[in-house]
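**Q** Residue-level listing of the chains:
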Amino acid sequence: MNNGAGKRINGGVEEDDDEDDVNGDLDAWERTYTDERSWESLQEDESGMLRPIDNQALYHSQYRRRLRSLSSTAARIQKGLIRYLYIVIDLSKAASEMDFRPSRIAVIAKHVEAFIREFFYQNPLSQVGIVTIKDGVANCLTEIGGSPESHINALMKKLDCSGDSSLQNALDLVDGYLNQIPSYGHREVLVLYSALSTCDPGDIMETIQKCRKSKIRCSVIGLSAEMFICKHLCQETGGTYSVALDESHFKELILEHAPPPPAIAEFAVANLIKMGFPQRAAEGSISICSCHKEAKVGAGYTCPRCKARACELPTECRVCGLTLVSSPHLARSYHHLFPIAPFDEVPPSHLNDPIRKQKRNCFGCQQNVLDSGNKPGLAVVCPKCKRYFCLDCDIYIHESLHNCPGCDSFRHSKAATAKED
Amino acid sequence: MKFLIEDVTVYFPYDHIYPEQYSYMIELKRALDAKGHCLLEMPTGTGKTIALLSLITSYSFSRPQSPIKLIYCTRTVHEMEKTLAELTLLHNYQIKHLGPQARILAIGLSSRKNLCVNPTVVAAENRDSVDAGCRKLTASWVRAMAAENPDVDTCEFFENYEKAASSAVLPPGVYTLQELRAFGKEKGWCPYFLARHMVQVANVVVYSYQYLLDPKVAGIISKEMQKESVVVFDEAHNIDNVCIEALSVSIRRQTLEGATRNLDRISREIDGFKATDASRLRAEYNRLVEGLALRGNLPIADNWLSNPALPDDILKEAVPGNIRKAEHFLHVLRRLVQYLSGRLDTENVEKESPVGFVSSISSHAGIDQKTLKFCYDRLHSLMLTLEITDTDEFLHIQTICDFATLVGTYGRGFSIIIEPFDERMPSMPDPILQLSCHDASLAIKPVFDRFQSVVITSGTLSPIDLFPRLLDFHPVVSRSFKMSLTRDCICPMVLTRGSDQLPVSTKFDMRSDPGVVRNYGKLLLEMVSVVPDGIVCFFVSYSYMDGIINTWNDTGILKDIMQHKLVFIETQDVVETTLALDNYRRACDCGRGAVFFSVARGKVAEGIDFDRHYGRLVIMFGVPFQYTLSKILLARLEYLRDTFQIKEGDFLTFDALRQAAQCVGRVIRSKADYGMMIFADKRYSRHDKRSKLPSWILSHLQEANLNLSTDMALHIAREFLRKMAQPYDKTGSSDRKTLLSQEDLEKMGDGSMHEMLY
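Note that the protein sequences, when read in sequence, are chains A and B.
Under the working numbering, the first residue of the first sequence is numbered 160, with each subsequent residue one higher.
Under the working numbering, the first residue of the second sequence is numbered 6, with each subsequent residue one higher.
In short, the hints are calculated from the structure, not lab data.
For each residue, glycine too, the CB sits at the ideal point set by N, CA and C.
One thing to keep in mind: the hints can contain errors.
Per the computed footprint, the stretches of chain A lying under chain B, defined by three or more beta-carbons under 8 Å from a beta-carbon of chain B, are [to be verified]: (1) 357-368; (2) 395-408.
When the alpha-carbon atoms are kept at most 20 Å apart in a straight line, the in silico EDC-like pairs for lysine to aspartate or glutamate are as follows [what the hints assert, rightly or not]: (3) B:K728 with A:D258; (4) A:K410 with B:E724; (5) B:K728 with A:E411; (6) A:K252 with B:D565; (7) A:K543 with A:E504; (8) B:K190 with B:E164; (9) B:K608 with B:D245.
Let the hints inform the model, and build the full structure from the sequences given.
**A** And the structure:
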């Protein structure tokens with residue numbers, strides 16, 4: 160093997176050592192083959208020339224398909240806005256593999272962090288907990304709660320991987336926790352699964368049925384290949400199953416789970432929930448914080464019922480158990496209930512149509528939707544106001560803005576003209 | 006949907022059709038028009054069966070003045086059931102659209118074991134005992150006895166069936182085996198005899214290969230089939246072997262001992278008859294004088310055995326005088342058995358032609374060729390006369406007579422090989438005398454001659470020009486179809502080197518090299534860590550598999566494999582293998598993952614599907630050549646070279662590659678499925694080997710995947726599995742349509758259709 164020689168040449172270079180340890184059984188040239196895949200970003204065109212892959216159109220079509228599938232089911236469907244989500248992270252040996260750079264687990268951790276933040280941004284009334292699987296045992300890393308920081312901190316501390324993975328143990332554990340939550344909450348599990356097998360102590364089919372009975376929606380994101388049992392689990396419990404192609408795809412997949420899923424019919428009964436809207440304490444006031452158990456100076460929130468201090472919102476009051484939210488949180492959840500309709504794609508021929516010439520600019524950014532060289536690019540049109548938008552604006556409107564500028568300005572001008580009259 | 010193929014309106018029960026099904030139907034229709042035979046290769050999972058059935062039935066409807074009969078031959082009962090289920094679907098659709106004129110009668114015919122409804126008979130454990138149990142209740146003399154003596158048992162179902170006589174008919178419809186049994190139970194008629202009777206009038210008959218190819222059975226069941234029939238052999242890639250086995254006999258010590266016991270019993274019976282009912286024997290003698298062809302005076306229902314010798318002219322000759330008398334015949338048989346057991350006492354391997362063997366019999370035992378030729382019929386007649394019903398006891402003597410008749414009939418295409426012990430275990434004396442047939446065309450020739458069109462179809466018939474030579478016929482159409490796929494869901498790879506870049510092969514001089522064994526182990530070890538659920542491995546032989554698994558066990562590779570997946574092994578024991586398969590499936594279902602070690606040419610390679618997650622990867626370790634030192638194979642090769650001018654190497658490669666293709670084809674059973682195939686041997690990269698793979702594999706075998714080492718294969722596997730896990734569009738994109746609707750078919754003129762298909 161070449162490793163010895165390689166080390167001698169590299170002399171005292173420190174960083175090389177850990178790489179050698181992990182890849183100890185691979186030759187140097189094999190490493191280049193498995194690690195740096197420079198050729199992956201190239202593709203051949205019709206004339207046999209190599210060019211960088213043009214992913215934009217591909218990604219956009221994928222995005223549109225997703226949007227359509229979401230909207231077709233969710234046109235006016237009740238959404239579960241109060242979600243109780245357990246993120247199950249597989250920390251078995253397979254998670255330490257290096258096919259994602261630098262390693263699967265590092266990629267997972269990075270995007271789980273982003274996901275948790277996005278999740279709370281989109282679902283301010285929901286709560287998250289983290290469960291890890293390691294050495295065939297499932298552990299609860301953080302209890303279910305509403306503070307993104309505490310979850311992220313806890314996760315970052317424990318990222319070493321070893322042993323086998325057991326889906327059944329994880330599901331059993333989560334099932335036990337989720338059974339205690341109030342009935343208005345939506346129970347969900349998101350499994351990030353690196354391993355390709357599961358070593359279970361019993362019959363996993365029974366566990367799946369149990370999850371199904373307790374209405375837990377299980378979704379899985381695989382990191383290596385499609386597994387039958389995961390697919391089966393998702394089908395039975397109404398979740399989604401997807402496998403990540405690469406890091407950016409993984410990011411997309413995990414962020415898909417941030418918007419609230421449609422509510423399960425049986426739980427969709429109207430329910431009144433008691434909530435507190437705490438006041439922000441004055442700057443410079445000193446009080447004992449109920450979450451950190453120490454005296455703190457400065458901004459905090461005071462529970463309207465028991466006057467205990469909480470550091471951040473949304474959360475559950477440690478003393479009286481009241482759900483504490485702020486009104487902007489509630490308002491932010493609102494758009495899920497009234498999503499804007501997906502825009503229709505415009506056939507390129509329409510763009511060159513002289514009659515519609517004035518519409519060639521994107522209504523959002525005022526850029527010309529035609530590519531350089533007057534080649535028609537992709538464009539979309541809002542089904543209501545018939546304004547044209549470019550792809551970037553399309554994504555921005557649906558994912559961040561949640562309002563169609565065309566429709567809004569239309570309504571606005573109509574109101575204005577009405578006033579004038 | 007319905008559409009036109011030239012002048013035939015085809016009724017097809019689904020809303021969409023694959024383009025390859027459409028072109029398959031076009032070719033098939035042309036063969037039917039030409040009233041000739043055809044050879045069609047189409048990958049599994051593309052709906053061969055339904056394409057065949059719907060075209061042939063529709064063809065029959067379009068020519069009501071000369072309806073054709075469809076005889077559909079399958080290999081296993083399971084396949085028969087599947088075919089009948091498809092036919093039921095098709096029939097319902099056709100009735101809906103065509104009305105009553107689409108009524109057909111379609112039945113499946115199987116052995117008594119699968120059709121009998123008499124609870125006492127069907128309880129017996131194997132096929133022969135069920136047959137014998139049935140005869141004990143239904144033979145004509147038993148029934149005659151029962152008429153006088155009510156204590157004698159008969160089968161009520163058979164009695165009812167006989168009573169109903171000509172009114173016992175099946176109303177038109179499609180009957181699966183189960184429906185046939187249910188119908189029989191309801192009416193109180195014996196489903197087996199009813200089915201046998203209805204075979205003559207049914208429009209579609211589904212049964213096993215043996216009913217046409219094995220001359221012993223074919224003589225009874227398929228004798229009166231009309232000439233205007235289309236015979237379909239499905240999954241026919243091994244049809245030459247089936248033909249050869251139908252005409253090969255092997256005799257061991259046990260056979261001879263059993264035959265001696267049988268002869269003793271027969272002679273006791275004869276003595277008994279002489280004392281009580283001598284007239285019966287005399288009647289038989291008189292009948293034999295008139296010639297066997299006039300056997301019409303035997304009751305029809307009793308002709309349960311027939312003549313393995315094919316040429317009709319034999320039947321017209323009279324039975325030779327020296328075996329007309331029962332006791333004389335018995336003496337002849339005794340001498341024959343004695344002679345054979347003398348031949349078995351040899352120390353050396355002997356090989357002889359039938360002509361030499363016959364002359365040696367006639368000089369040593371005094372039995373001439375003509376006498377030998379009639380042994381089978383004479384025994385049959387004798388057993389009828391002696392009213393023997395427990396035929397399963399007499400299998401040994403039947404084997405001997407079978408042998409005698411074949412030796413006496415054929416001078417060419419056979420050889421007789423006597424081996425004193427098994428090559429692999431020279432210390433154990435286990436003499437065996439084999440009459441092996443080398444010419445597959447002998448058994449199938451009557452089928453080609455008799456029927457208007459014979460369709461031979463399978464997923465693996467490549468190279469397609471070899472089959473007509475092996476079976477000695479001239480197809481009017483021979484085509485190989487590709488599979489149209491929405492995505493590249495099969496990924497064949499040729500792996501020539503291990504992770505240390507040394508070549509891997511199971512070539513004789515390399516197979517025991519520890520480096521090769523280790524490289525194979527490493528390959529599997531790497532693969533179990535990246536492939537989910539099930540992996541199937543095929544080895545070239547049991548002994549090689551045992552050896553390599555032992556080595557892996559010693560070096561700890563097996564233990565490492567078991568950390569990722571459970572390991573199951575096929576053995577020669579059927580029960581054990583079934584259990585292993587069952588547990589393998591369970592391990593795949595519950596997510597534990599499993600590896601199945603199996604052997605090319607074994608039961609698993611032939612009949613078990615590893616579809617979906619049961620087989621995401623199949624690894625073929627080595628090229629599954631036949632055991633080239635086998636005397637039988639050598640004799641066959643020599644015969645093929647002399648008679649058909651097929652080179653030894655060509656035939657061996659063809660045979661090995663079709664087995665390999667058969668093995669790897671186990672993982673893809675439908676288009677929605679996906680799987681990888683690794684051919685792990687450096688010899689696969691050679692063009693002469695590779696080019697013999699079926700075209701549907703070859704078309705996916707990219708140039709870049711022809712010469713891989715373990716790590717490269719690993720990388721490709723990872724990418725492939727990720728890609729396949731993504732959701733996809735079933736109908737395919739517009740430029741590469743893989744599902745055609747009725748409008749698509751109407752829209753496309755013939756020209757554009759062809760362009761797209763080829």
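**Q** All the hints need checking, so say for each whether the structure fits it.
**A** Right, here's what the structure says about each hint:
1. 357-368: With 6 residues closer than 8 Å to chain B, the stretch 357-368 of chain A meets the three-residue bar; holds.
2. 395-408: holds (count 4)
3. B:K728 with A:D258: Holds, because 15 Å separates the two Cα atoms, which is no more than 20 Å.
4. A:K410 with B:E724: holds (18 Å)
5. B:K728 with A:E411: The hint holds at about 16 Å.
6. A:K252 with B:D565: Holds, at about 14 Å.
7. A:K543 with A:E504: holds (13 Å)
8. B:K190 with B:E164: holds (13 Å)
9. B:K608 with B:D245: Within the cut-off at roughly 17 Å; holds.
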